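For chain W, the structure is supplied; the task is to place chain G on it using the hints.
There are 2 protein chains.
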Amino acid sequence: MEEEQSPRLAAGEPERKLEDGVTDADAEDPGCTGNAAMSSLEQPLLKRSNTLTASHLAMVGAKVSHIESLDYEIIENDLFKHDWRRRSNVEVLQYIFLKWAMAFLVGLLTGVIAYWAGFLYFAGVNFGLTFVAAVLCVVFAPTAAGPGIPEIKAYLNGVDTPNMFGAPQLIVKIIGSICAVSSGLDLGKEGPLVHIGACLANLLSQGGSGRHRLRWRWLRYFDNDRDRRDLITCGASSGVCAAFRAPVGGVLFALEEVATWWRSALLWRTFFSTATVVVVLRGFIEVCRDGRCGLFGEGGLILFDVGDVAVRYHAGDLLPVTIVGVLGGVLGALYNHVLHKVLRVYNLINEKGRAAKLALALAVCALTSAMLYLTPFAVPCTPCDPAFGGACPTLGKSGNFKRFNCPEGHYNDLATLLHATNVDATRNIFSTGTAGEFRLDSLLIFFAVYCVLGLFTFGIAVPSGLFLPIILMGSAYGRVTALVLSRFARIDHGLYAVLGAAALMSGSMRMTVSLVVIFLELTNNLLLLPITMFVLLIAKTVGDAFNPSIYEIILDLKGLPFLEAKPEPWMKDLTVGELAAAKPRAVALQVVERVSTVVEALRSTRHNGFPVLDRPRPGVSELHGLVLRSHLVAALRKRWFLPERRRTEEWEAREMFSAAELADKCGGGVDELEISAEEMGMYVDLHPLTNTTPYTVVETMSVAKAVVLFRSVALRHMLIMPKFQGPEISPIVGILTRQDLIAHNILVILFSISLNV
Amino acid sequence: MEEEQSPRLAAGEPERKLEDGVTDADAEDPGCTGNAAMSSLEQPLLKRSNTLTASHLAMVGAKVSHIESLDYEIIENDLFKHDWRRRSNVEVLQYIFLKWAMAFLVGLLTGVIAYWAGFLYFAGVNFGLTFVAAVLCVVFAPTAAGPGIPEIKAYLNGVDTPNMFGAPQLIVKIIGSICAVSSGLDLGKEGPLVHIGACLANLLSQGGSGRHRLRWRWLRYFDNDRDRRDLITCGASSGVCAAFRAPVGGVLFALEEVATWWRSALLWRTFFSTATVVVVLRGFIEVCRDGRCGLFGEGGLILFDVGDVAVRYHAGDLLPVTIVGVLGGVLGALYNHVLHKVLRVYNLINEKGRAAKLALALAVCALTSAMLYLTPFAVPCTPCDPAFGGACPTLGKSGNFKRFNCPEGHYNDLATLLHATNVDATRNIFSTGTAGEFRLDSLLIFFAVYCVLGLFTFGIAVPSGLFLPIILMGSAYGRVTALVLSRFARIDHGLYAVLGAAALMSGSMRMTVSLVVIFLELTNNLLLLPITMFVLLIAKTVGDAFNPSIYEIILDLKGLPFLEAKPEPWMKDLTVGELAAAKPRAVALQVVERVSTVVEALRSTRHNGFPVLDRPRPGVSELHGLVLRSHLVAALRKRWFLPERRRTEEWEAREMFSAAELADKCGGGVDELEISAEEMGMYVDLHPLTNTTPYTVVETMSVAKAVVLFRSVALRHMLIMPKFQGPEISPIVGILTRQDLIAHNILVILFSISLNV
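Listed in order, the protein sequences are those of chains W and G.
full-length UniProt numbering puts the first residue of the first sequence at 1, with every later residue one more than the last.
full-length UniProt numbering puts the first residue of the second sequence at 1, with every later residue one more than the last.
Bound conformation, chain W alone (with noise of 0.2 Å):
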């Protein structure tokens, strides 16, 4: 059966060989001369489908050969000829020069690869391990591209991100970021190692990924939104401070930029895990202190130490120090700015489908690796320091004099700053005592180059962290500063790049005590403090004049409905009744309820709170409380109906559910239920599943008061009360939500209301 079935797909099937593109060309070519009224410049003139098959059917079954003849001769037909006749002498001219061109280039490129085997093989295999990355990212976990910090600075802050801290997202983020970070793109590790942190700390607290949970009860206590919010701000500081090796630097990174809600506890638990990394970090760092891990072990506990310069102050110092720092913050708006431009055009690409994000993400590796390699030959060899003897003294693979295409006894200064790892080339940039030692222009080409680079693969479709390029483009700008303004500024020029990147980094970011602390711990040189604290503070009034931090233009671009902590000025003349007005009506339910009420209730809505409402005597009523979606769900899975309307014992409720089940709010949809017509008329009683002590506002209480209460208290849903007391009065005029106290939405709801009137 088998050695017969081959033959006949490879042979006697036109159909199939039709999908698998193994044909004769001439006969069905409909490029070229099945459509002749399309013909025009944007259509090649002569074309061939493939003839080698890719199809392994037919590789593997029969051994017929499908090679087919070429037309090297001109088919002189009737269309052929218009089509040379229809050329203008311009575009004659043109394909002369274009056949000259292509013979010159293919010598070119010839030449090229010949002499320049080392950048394809570093082009080649940046491209290899980006394709891996770029590949992880958009096929298993779309949401472990990028940072990460924006979507758990919203998770923090309540907004239920959908997966972002699950198993794939770590295995990806790990293997993507170790191959994004390899490949040589202008990305840190920062970012996405906060990320894994993140992870890490919500697999512990639920036991484990989907379906394999643990399903300890020692587990199941963390299983709620507070526990976890709590575990994954331990694992982003945990994260910040694996990556700079800063551990107070992390806690207040978590404390200044990633949460919204703190309490002295927190500060105190996230301490224990960042001092928890340290000790770890420090352990592996002894164990590996003489060479026994390779590249490894190299490396103190302090990434970037010029811890051993003494610095003096001096008043001219005051100019160019002012300078970085208002450079800082002009700089690193501007980067937020085109960053936010550039990521706009992204998104329309990326929205293309798969492929498209591939290629981007190709793309930009190809342009990094030409930038990289190409660049250095564009300055010139520089002699090595005669103090020296007359030959660098190259410290290994990561040393500070790279040769390059440079005779013996020089070193091309461009070279040992790009053809490094982000890492040593920031501690080759911050390096002291070597204010001579880096070209004007080579650190002007060096800027440029992570400019553009910075820009253009941060949205890219793999793990990336924005923190190492800025520092990179910000110590070439300080190191700039310092060069050019030589005559005033007398600190070491290695400081000055320490103090560019850190007005950077605050320019774009916004950061400020816990950017101190990290650079603090980063650069091991507690003299530098008051300088550095100078510049930050420059840096960021300047850069917060133009727009908002790097952070806040990528929560905003993905829509995420972050509460900010500063309420609209226009907020204060809005009350929350006139607001709840303005939305549709909330709808309540009886405490003891008819079952097919709940249904259409949960049917008909998408909302995950109901206020529950009592009507105890004739004539007043009472808002009982709110009961959640998930326990609506959970006592119509169990199907708790009661045959009358009837208020149940407190026993009867326990004995159903468990606070397990109560927890798990991954209980279905209300669709799969399926409820008989006779159980639709029974009676839900609500008495047990409501949550009797909401918080609450009364309608007169203005907007902006709400803001500051629902982020203070950190709410999910904010029930409002009628201002009024008496009779025929509902017990509840609203209930407010985040997506209704964010500002974007307010508008939309009031404009859209004034359109409608």
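Misleading hints may appear alongside valid ones.
For identical chains, the list gives no copy identity; a pair is met inside one copy or between any two copies.
[To be verified] Pairs of lysine-lysine, BS3-like flavour, derived with a Cα cap of 30 Å: (1) K99 to K81; (2) K99 to K705; (3) K566 to K705; (4) K583 to K341; (5) K352 to K81; (6) K638 to K558; (7) K352 to K341; (8) K572 to K705; (9) K705 to K583; (10) K705 to K81; (11) K99 to K572; (12) K99 to K352; (13) K705 to K558; (14) K566 to K341; (15) K81 to K638; (16) K638 to K572; (17) K583 to K572; (18) K558 to K341; (19) K572 to K81.
Worth flagging that the hints you see were computed from the coordinates, not collected in a lab.
Treat the numbers as computed from the prediction; the structure is a model and nothing was measured.
Structure of chain G alone, referenced to chain W:
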């Protein structure tokens, strides 16, 4: 006239002389003869009254001599002889023994004084300085005694601590702190500096002190509780920054230990304050670098620099480091416990009046001087290291080696530690590369001395800080641990002193991140960070197992109503409705109210806020809002009365009241107002004065949630609304304030109720 008056006063008026204590002793002495029935061992047998008068009038006015004769002859009257006969043998022996003992003491002390003029000079100067500090505190600003940090903590929690942040406090704190630190007392300048920063912030925010305030418009903006809170937070962090030259540590201290509410903008502002402090300090250091300012220019930005030590981690160090941490926790908790007891005793003493306070301070000063001066005699002299050529290299007055009572070529190591300012002592004991320099017995004595002094110095009536005493104690036990376990301890002993200090701080004050950063900025050794974190975590955990932090203990002792972040567990089972029912009924006002009712409400209660109700149509009542007592008083003072019950227009109120008038809280009492009977019958319209958007809770809300809301949103009043809707139901159930939510007060209310029932 004047010349005549003096003699008359001095000689002619016996009553006046009695008052001044200038009288004939034998005639009216009640102790010897008048109350013979009281004669006992407690009363002296022979007693003289003062003869030389201290009255300025008598001394200056007339040169009459009041010198009397003595009674060397034994007056053998009946009573005297009876007393002799009544004496037992034991008493006679006592008398004889004491006679000889006193003769011995007279000889000894004379000899000691001859030999130890140095001690007397030392003790005398200390005594004088302590006297100045204590008199200032006792007479002018009792609240300036102590560190002030607990009061600031309470203020930032929302407690209006009286007389804390005025000009007298500021001046007394500055002068008193200088005197107290100079007098060699075992106290630091950190707490006082924090208080000074807070006072400055307050005075700036209100534009000056008391009646001498600036009335500039742009200063009035800050004359409200909210802005003042932020400024005082800045002041507190600036204080810590100035004390330790630790800008980031200062911000974190304010964040972790002092402030209750925090937002990102405040982080940014406090950071700006501390940056300014550092730049100013740095400027002074630069100006004074070449010794132009005497002793002031000494020392750089880093107080206790141990940055030159390369810290390498060994597994063997784990044991002593863990012991340092555990001991730090135990000793810290013990310190808190004993200090609590001492402070209770001191409170009893201080309540006896100003003289008792003064005597206590001077007694502690004498004790301090004696212990510091005398204990070095207890240890033997140590020969100088032969490496220095037989002579100890004493580095000026703050050098590591003090000769004291030792022969040439020797030094007294205990004197080295004790005969220095507190800061220099810390620097000496932290100094690295000095493992063999200090003897074990010297360190133990040092530790014991500072334990005693640290416990007994804190509560006296001078400005005092807790940081430095604890650092001194901790450093001693850290070094002791290293010496005892020297076979395991491979890290430098100076670093063990640092770790000990950190552990004891953490064990007593229970701070974490801020302490790590402060120690980092104090010692400039980033490599020490992981091990410091480890030790701090252990010490805090151990300490928390025993008792609360020292600041919480002091807050509790002072009886300040501090609202804890975490409500008590039993608060979950109590609703605010139940709590309100246990209180006296809230006094509510109608929105247009009779003057007499308003006056009655103000006079009969001390509430600071009143709910305002309305009755818009028959059968319907409305919770209109909340009006502050100060605004009611302002309305009464302006006599803003209406003859009939009507609602005023907005412009009427705006013409009447300026925002500045309403912001002024010092409006005075209601008793001073004189309102005629006719006015009493008129009406006040509360519409323009009422805050129509107060925060509310429903009566079913648990007290635990209410506490969280109260603290999170920083409230003063919280209104309780009914959960029922219907006719004849009041729209307000009650009103809760800070005092109502303090756990202790709730228990008192509930307990007294259960007694009544």
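Classify it for me, K352 with K81: is the Cα-Cα distance of at most 30 Å met within a copy, between copies, both or neither?
-> Neither. Shortest intra-copy (38 Å) and inter-copy (120 Å) distances fail the 30 Å Cα cut-off.
Up to 30 Å CA-CA - K352 versus K99, copy category = neither (34 Å within a copy, 108 Å between copies)
How would you classify K705 and K583 at a CA-CA limit of 30 Å: within, between, both, or neither?
-> Cα proximity of K705 and K583: in one copy and across copies (19 Å, 28 Å).
Taking 30 Å as the upper bound on the Cα-Cα distance, should K638 and K558 be classified as within, between, both, or neither?
-> neither (38 Å within a copy, 56 Å between copies)
Given a CA cutoff of 30 Å, do K705 and K558 count as a within-copy pair, a between-copy pair, both, or neither?
-> within (26 Å within a copy, 34 Å between copies)
At 30 Å max between alpha carbons, let me know whether K81 reaches K638 within a copy, between copies, both or neither.
-> So K81 and K638 fail the 30 Å test inside a copy (79 Å) and across (102 Å) alike.
K583 and K572: within-copy, between-copy, both or neither at 30 Å Cα = Answer is within: at 19 Å inside a copy they meet the 30 Å cutoff, but 34 Å across does not.
K558 and K341: within-copy, between-copy, both or neither at 30 Å Cα = within (14 Å within a copy, 59 Å between copies)
Up to 30 Å between alpha-carbons, please classify K572 paired with K81: within, between, both or neither.
-> neither (75 Å within a copy, 91 Å between copies)
First find the shortest C-alpha distance between K99 and K81 inside one copy, then the shortest across copies, and answer within, between, both or neither for a cut-off of 30 Å.
-> within (20 Å within a copy, 143 Å between copies)
Measure nothing new, just compare the shortest in-copy and cross-copy C-alpha distances for K705 and K81 to 30 Å and report within, between, both or neither.
-> Cα proximity of K705 and K81: none, with 78 Å in one copy and 87 Å across.
If the cutoff is 30 Å on CA atoms, where do K583 and K341 land: within, between, both or neither? Let me know, please.
-> neither (34 Å within a copy, 61 Å between copies)
Checked against the numbered hints given earlier, this structure breaks hints 2, 4, 5, 6, 10, 11, 12, 15 and 19; the rest are met.
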